[in-house]
Amino acid sequence: MDFRLSEDQVALRDGIRAFCDGRVPNEQFAEFENLGGFDRELWTELAEMGVFALRLSEDEGGVELGMADAVVVFSELGRRLVPGPLAWSHLAAGLVDGAESGETVVGGIDATVAGPLMIEHLDFLDALVVLYEDRVERVDPSSVKADAVATPLDPLTPVHHAQSLPVGEVIGDAALADRMRREGAALASGFLLGIAEATQELATEYAKGREQFGRPVGGFQAIKHILADCFVRQEVARAAAYAAGATVDHPDAGDLIATVSGAKVNCGEAAMKNSRACVQVHGGMGYTWEVVAHYYLKRTWVLENSFGTVDEHAEIVADRVAAQIG
Amino acid sequence: MDLRYSESDEKFRAELRAWLEKEIAAYGPPPADYISDWDSRRGYDTGWQRRLYEGGYAGINWPREYGGCDLSLSEQIVYYEEIARADAPYVGVNFVGMLHGGPTLIAEGTEEQKKKLIEPIITGEHIWCQGFSEPGAGSDLASLQARAVRVGDEYIINGHKIWTSFAQIADYCEMLVRTDFEAPKHKGISWLILPMDAPGIEIRPLKTMTGESEFSEVFFNDTPVPVSNLVGKENDGWRVTNVTLRFERGTAFTSEMYNLQEYLSQLIRVAKRVTRDDAAAWEDRALRREVGHLKAELDALWAMLKLSISEAAGNEGGMPGVGASAVKLFYTELYQRVTEVGIRLAGRAALSRDDVADFPNEQFVAKHMNSLSLTIAAGSSQIQRNIISERILGLPRER
Numbered sequence: 001m002d003f004r005l006s007e008d009q010v011a012l013r014d015g016i017r018a019f020c021d022g023r024v025p026n027e028q029f030a031e032f033e034n035l036g037g038f039d040r041e042l043w044t045e046l047a048e049m050g051v052f053a054l055r056l057s058e059d060e061g062g063v064e065l066g067m068a069d070a071v072v073v074f075s076e077l078g079r080r081l082v083p084g085p086l087a088w089s090h091l092a093a094g095l096v097d098g099a100e101s102g103e104t105v106v107g108g109i110d111a112t113v114a115g116p117l118m119i120e121h122l123d124f125l126d127a128l129v130v131l132y133e134d135r136v137e138r139v140d141p142s143s144v145k146a147d148a149v150a151t152p153l154d155p156l157t158p159v160h161h162a163q164s165l166p167v168g169e170v171i172g173d174a175a176l177a178d179r180m181r182r183e184g185a186a187l188a189s190g191f192l193l194g195i196a197e198a199t200q201e202l203a204t205e206y207a208k209g210r211e212q213f214g215r216p217v218g219g220f221q222a223i224k225h226i227l228a229d230c231f232v233r234q235e236v237a238r239a240a241a242y243a244a245g246a247t248v249d250h251p252d253a254g255d256l257i258a259t260v261s262g263a264k265v266n267c268g269e270a271a272m273k274n275s276r277a278c279v280q281v282h283g284g285m286g287y288t289w290e291v292v293a294h295y296y297l298k299r300t301w302v303l304e305n306s307f308g309t310v311d312e313h314a315e316i317v318a319d320r321v322a323a324q325i326g
Numbered sequence: 001m002d003l004r005y006s007e008s009d010e011k012f013r014a015e016l017r018a019w020l021e022k023e024i025a026a027y028g029p030p031p032a033d034y035i036s037d038w039d040s041r042r043g044y045d046t047g048w049q050r051r052l053y054e055g056g057y058a059g060i061n062w063p064r065e066y067g068g069c070d071l072s073l074s075e076q077i078v079y080y081e082e083i084a085r086a087d088a089p090y091v092g093v094n095f096v097g098m099l100h101g102g103p104t105l106i107a108e109g110t111e112e113q114k115k116k117l118i119e120p121i122i123t124g125e126h127i128w129c130q131g132f133s134e135p136g137a138g139s140d141l142a143s144l145q146a147r148a149v150r151v152g153d154e155y156i157i158n159g160h161k162i163w164t165s166f167a168q169i170a171d172y173c174e175m176l177v178r179t180d181f182e183a184p185k186h187k188g189i190s191w192l193i194l195p196m197d198a199p200g201i202e203i204r205p206l207k208t209m210t211g212e213s214e215f216s217e218v219f220f221n222d223t224p225v226p227v228s229n230l231v232g233k234e235n236d237g238w239r240v241t242n243v244t245l246r247f248e249r250g251t252a253f254t255s256e257m258y259n260l261q262e263y264l265s266q267l268i269r270v271a272k273r274v275t276r277d278d279a280a281a282w283e284d285r286a287l288r289r290e291v292g293h294l295k296a297e298l299d300a301l302w303a304m305l306k307l308s309i310s311e312a313a314g315n316e317g318g319m320p321g322v323g324a325s326a327v328k329l330f331y332t333e334l335y336q337r338v339t340e341v342g343i344r345l346a347g348r349a350a351l352s353r354d355d356v357a358d359f360p361n362e363q364f365v366a367k368h369m370n371s372l373s374l375t376i377a378a379g380s381s382q383i384q385r386n387i388i389s390e391r392i393l394g395l396p397r398e399r
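Chains as they are written, first to last, in this note's numbering: chain E, 1 to 326; chain A, 1 to 399.
These are calculated hints, taken from the structure and not from any lab test. Errors might be hidden in some of the hints.
Unchecked claim - Each computed DSS-like pair below joins lysine-lysine, with the alpha-carbon atoms no more than 30 Å apart:
(1) A:K207 / A:K114
(2) A:K115 / A:K233
(3) E:K208 / A:K233
(4) A:K114 / A:K272
(5) A:K114 / E:K208
(6) A:K185 / A:K233
Stated by the list, open to error - Some chain E residues close to chain A (C-beta under 10 Å, calculated; not the full set):
(7) Q9
(8) A11
(9) G15
(10) G62
(11) K224
(12) L227
(13) A314
(14) E315
Even for Gly, the Cβ is constructed at its ideal location relative to N, Cα and C.
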């Protein structure tokens, strides 16, 4: 057992970080808005970086890495708030032709979740994966009757509201649906970890530069302690997300279900609290469209509702531990 | 990023588990006067330490040349998991020596000091206490005023220490003194090994809010200490102090962290048994969510510790990094939140500190009261937040 990132994982992280920092700087967010929340060129570049094919075998065009590596990659995507149906396309690689190469943009929705059917990125999708209790379907996005939501919560996550979903082609059974939910939760946890990190760093940098009462506001304990708590949440989220990745790869290393659900709980909380703190530490500017804090908070709400909410996962963890006690 | 245990780890686990099962049963529970009588407590805790030593399970990450086991990183984690799982006797009065005094000596002591002092800690022969805080130097520890004046090859110590656990029975004290009275506060401190049988030491126990006297005030009046008992250089004690504190904050509470998992399991057992609103308390969805949330956080804490122990493995003597403050802050506040669920579940039964009816109040009530000390001891939560924001995030420093 050695829980540190391996040398290869450090190199992978640094590579994706360098790419995202260069390709998706803060100024790019407004550009994505102009594109309607999706950038096809960026998508192709992400595919070339291996974001979708990462875990496939070499024969399938992948590099045979594991979920631990994917979590590291997704935390980097989260740091820069990379837009698009990243987790669904990653999960669809190997199932839907062209997902791995980025030629087929694959989105998805879990139809078992109560409430209105809100489909993300519908206009940009080449395939829509639908999770049911007992099966997985592939649906032709153009056959979905849905109204575009005029003002999505997250300006970088366009959504449609559908009354129903058309019947699609069955591409998997209940076990696959389960696995996709679980692996989706692990990937979302990675992305949320990235959000927790990035919002802490954004707020810390601002607090160092913004002066009031003749000194940087980051010198006041009222602000320092908010930021220290953000750091702790980020580190808790990191441990939880990494544990989820490592346990998906080696289920005998722990309780797979509880570990993945635990990651979604901790990472979801960390991202939510840190992105709110990021708005607060920025003061009035934090409430403007210009400062990017709001993009992070809004994406966090999108992810809170993807692959299970914090409350749902907390209950799964409780049921697991209670069942073990008997 | 690998959480798997190797075959040899699992073999180690199986052997340790079998050994613990046999030895714990043979050793028996603490005597009735364990809490009230210090000699009884010392006898029980050091007796168990001696058994660990004889079984080859003491000083798990300490070098072999000083009597330790020098176990691998993963074996250390297995060790903590098994000790907690087996509900082995607590490290108790050996806490300071085993968990931060000894590790500080290994990292910073002279060869002579290590040869003389480390093995007796592992065997349970020597008990250590901590002489850091003073009435005027709590969170601002570096402002401490205990004075050491050098006379020949001795320091003569005068001062007043507080919150000193195990002072009544300790053989040695990790003692911070001021050796330069002109230098800035951080630059005039020295870390001394102080034998508690030296003359001029007076101990006054303090009664805590739990009703026990776990710590004392200690007064030093012209107490002599050989200069050879310096750890690190004269006036370099603040650096050595930070080594001690890293251990105290980063890894000293490892077994308690894992014990919280057991606590939560016990809480669920009680919640399934007791009735609230005409149903088992466990039927309450809000309670289940809260417990699930806390369990997820405890699992993350354990993963965080695995990460921090993995990272510390490359450091001198396995010293935790500055991230120890994050572990300490998260752990102590989580401990309070977990134990608060217990005392709330007890409801009116919590009016008794001792077990009553179905309620294990020694767990549900006493533990929560005791938890209030955790966010104060070893550097309050507020001090940890200062450390994190200044040394990790690089925000402006307090004076």
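Outcome of the hint check:
1. A:K207 / A:K114: Distance of about 35 Å is beyond 30 Å: violated.
2. A:K115 / A:K233: 19 Å, holds
3. E:K208 / A:K233: 36 Å, violated
4. A:K114 / A:K272: 51 Å, violated
5. A:K114 / E:K208: 44 Å, violated
6. A:K185 / A:K233: Roughly 16 Å between the alpha carbons, so the hint for K185 of chain A and K233 of chain A holds.
7. Q9: Since chain A brings a Cβ to about 6 Å from Q9 of chain E, closer than 10 Å, the hint holds.
8. A11: 13 Å, violated
9. G15: Where the cut-off is 10 Å and the nearest Cβ of chain A is about 16 Å from G15 of chain E, the hint is violated.
10. G62: Since chain A brings no Cβ nearer than about 19 Å to G62 of chain E, farther than 10 Å, the hint is violated.
11. K224: OK, holds: K224 of chain E within 10 Å of chain A, min 4 Å.
12. L227: At 5 Å from the nearest chain A Cβ, L227 of chain E passes the 10 Å test, so the hint holds.
13. A314: A314 of chain E check passes; min Cβ-Cβ to chain A is 4 Å, inside 10 Å.
14. E315: 5 Å, holds
Checked against the numbered hints listed earlier, the structure breaks hints 1, 3, 4, 5, 8, 9 and 10; every other hint is satisfied.
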